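Novice: Residue strings, one per chain:
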Amino acid sequence: MKGCDDYSETIQLYLDGELSGRDLEDFQAHLKECEACRGELEAQESLSVLLRRSRPLYSAPDALRARVMQTAESFSPTTSLPAVCRSRRFATILAWPLQIAGRGAHLWGGLVATSVLVAAGLLLLPGIMQRSRANSYIEAAIAAHRSFLNGSLPLEVQSESPSVVTAWFAGKVPFTFRLPSSAEESDHQQVYRLTGGRLVNYNGGYAALIAYQMQRQKISLLVSSTSSAVAAGGEEILSSGIVFHYRKQASFNVITWSNHGLTYALISSLPGSGRQSCLVCHQNMADGNRFSAYR
Amino acid sequence: MSRNQDGASQTDATVIDHLDGLYSYALVLTRNHAEAEDLVQETYVRALPAMGRLRTDSNTKGWLFTILRNVWLNQLRKWRNGPQMIEMEGDDGVANSIVEPSKNSHDLYVSKLEAEQVRAAIDELPADFREIILLREYEDLSYQEIASVLDCPVGTVMSRLGRARAKLRVLLSTTLKRSEHPERGADNEGLR
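Protein chains in written order, with the working numbering: chain A, 1 to 295; chain B, 1 to 192.
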């Protein structure tokens with residue numbers, strides 16, 4: 001049996017989401033009984049909330065933003081760089097493995113292989129960039145979820161009514177959406193409930209954070225326009241004609257998808273992986289048997 | 001940058017997403033606005049050509065922060081006389097544009113005051129404490145990701161973070177008390 005002093009490090013690990021499994025269960029059980037540890041956790045959380053409230057620590061000056069964008073432009077595949085210059089850049093990048101493996105190999109063989117790789121690289125680049133853009137949306141959704149969990153992003157509208165939450169967002173975000181009403185889901189046994197929403201900054205504009213609760217688990221859904229966010233990568237799961245992208249990132253279960261001009265990122269700590277994770281919410285629903293691996 | 005092509009706007013998003021974080025990290029390391037700007041610029045110059053080679057499950061954010069730190073360490077090595085620590089100039093570049101829509105002017109004033117006190121407290125910390133606080137509390141990197149950026153064991157991350165927070169709690173004790181009892185703090189400051 002550990003004494004309270006032995007929990008000082010554990011409190012920090014718990015606060016930072018670095019505890020799991022048996023350690024997490026033991027500490028949660030200890031917390032219920034120990035007022036001193038609850039007090040210390042509260043004190044550490046207060047500092048964390050205070051710091052997160054002052055995010056970002058500094059904002060990049062506009063001049064730097066412009067310089068960086070200019071630098072990015074010179075590396076962009078869609079700029080007006082001469083084709084030969086662009087090809088040389090990719091040739092350098094893509095031929096690197098050849099240089100390692102093929103020293104002494106036939107010159108022409110190397111050139112042909114390089115050309116094939118250059119062509120393949122140019123064909124694959126949009127996909128790579130799309131995944132990069134999808135990753136940044138997920139990172140933003142996880143950051144928002146974490147802030148929501150630790151209290152630094154409190155809900156601006158608190159309601160279990162989909163129509164109330166839908167109405168609150170109207171005109172505040174640069175896209176329109178409607179949360180399904182409970183009546184539409186009356187056929188299903190709902191295992192989660194809506195708790196509210198708030199605006200969050202994303203990509204120079206606003207995205208909608210919708211909050212749900214499932215037993216004691218908080219779930220957040222970040223909604224943005226497909227013009228600023230895309231869903232890609234991860235394990236792909238097909239359901240009702242929509243491809244859901246599942247992955248585990250930063251200890252959270254992340255599911256993203258795009259539909260009707262909107263991109264969604266669902267962040268939770270629900271158990272399971274991939275299809276199982278989707279079924280946590282959908283197991284009692286009519287579409288529960290329609291989830292299948294896409295590829 | 002042209003936005004009529006999807007690829008270009010995707011690059012924009014990737015670039016801009018981490019700009020404030022990288023700039024904050026650069027300022028935490030250099031404590032000088034001009035040097036911080038150059039450091040961020042150099043980071044992007046090195047990172048952008050390699051972005052296309054990243055694996056899909058790569059941690060782009062941690063990777064960018066690692067590059068920035070390595071560039072900074074290389075610069076330090078070149079300066080034979082060691083780093084020239086220059087005091088922060090003014091408060092330009094300070095984040096004050098994050099305005100939550102529901103806040104009134106009083107709340108905004110309190111938020112700004114609080115943010116200034118937080119920045120001043122962090123600025124008093126030693127460099128290794130400043131950077132670990134930034135990476136964890138502002139950038140949400142996991143212990144493993146921080147260990148990778150700082151090139152140190154995870155245990156070091158944990159202990160250093162604990163000591164940095166303990167020191168910050170002392171430095172921010174007044175602010176923390178005020179945030180727990182906002183009505184008392186505001187009266188003391190003559191804000192109402």
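Errors might be hidden in some of the hints.
Cross-link-like lysine-lysine pairs, in silico, DSSO-like; alpha carbons within 27 Å at most [stated by the list, open to error]:
(1) K32(A) / K177(B)
(2) K172(A) / K32(A)
(3) K172(A) / K112(B)
Here chain A is said to cover these stretches of chain B; the calculated rule only asks that three of the stretch's residues, wherever they fall, bring their Cβ under 8 Å from a Cβ of chain A [to be verified]:
(4) 19-28
(5) 32-45
(6) 62-75
(7) 112-122
(8) 126-132
(9) 153-166
To be clear, the hints were calculated from the coordinates, so they are not data collected in a lab.
Computed from a predicted structure; not experimentally measured.
Backbone N, C-alpha and C define an ideal beta-carbon position, used for all residues, glycine too.
Novice: Against which earlier hints does the structure fall short, listed by number upward?
Specialist: 2, 6 and 8
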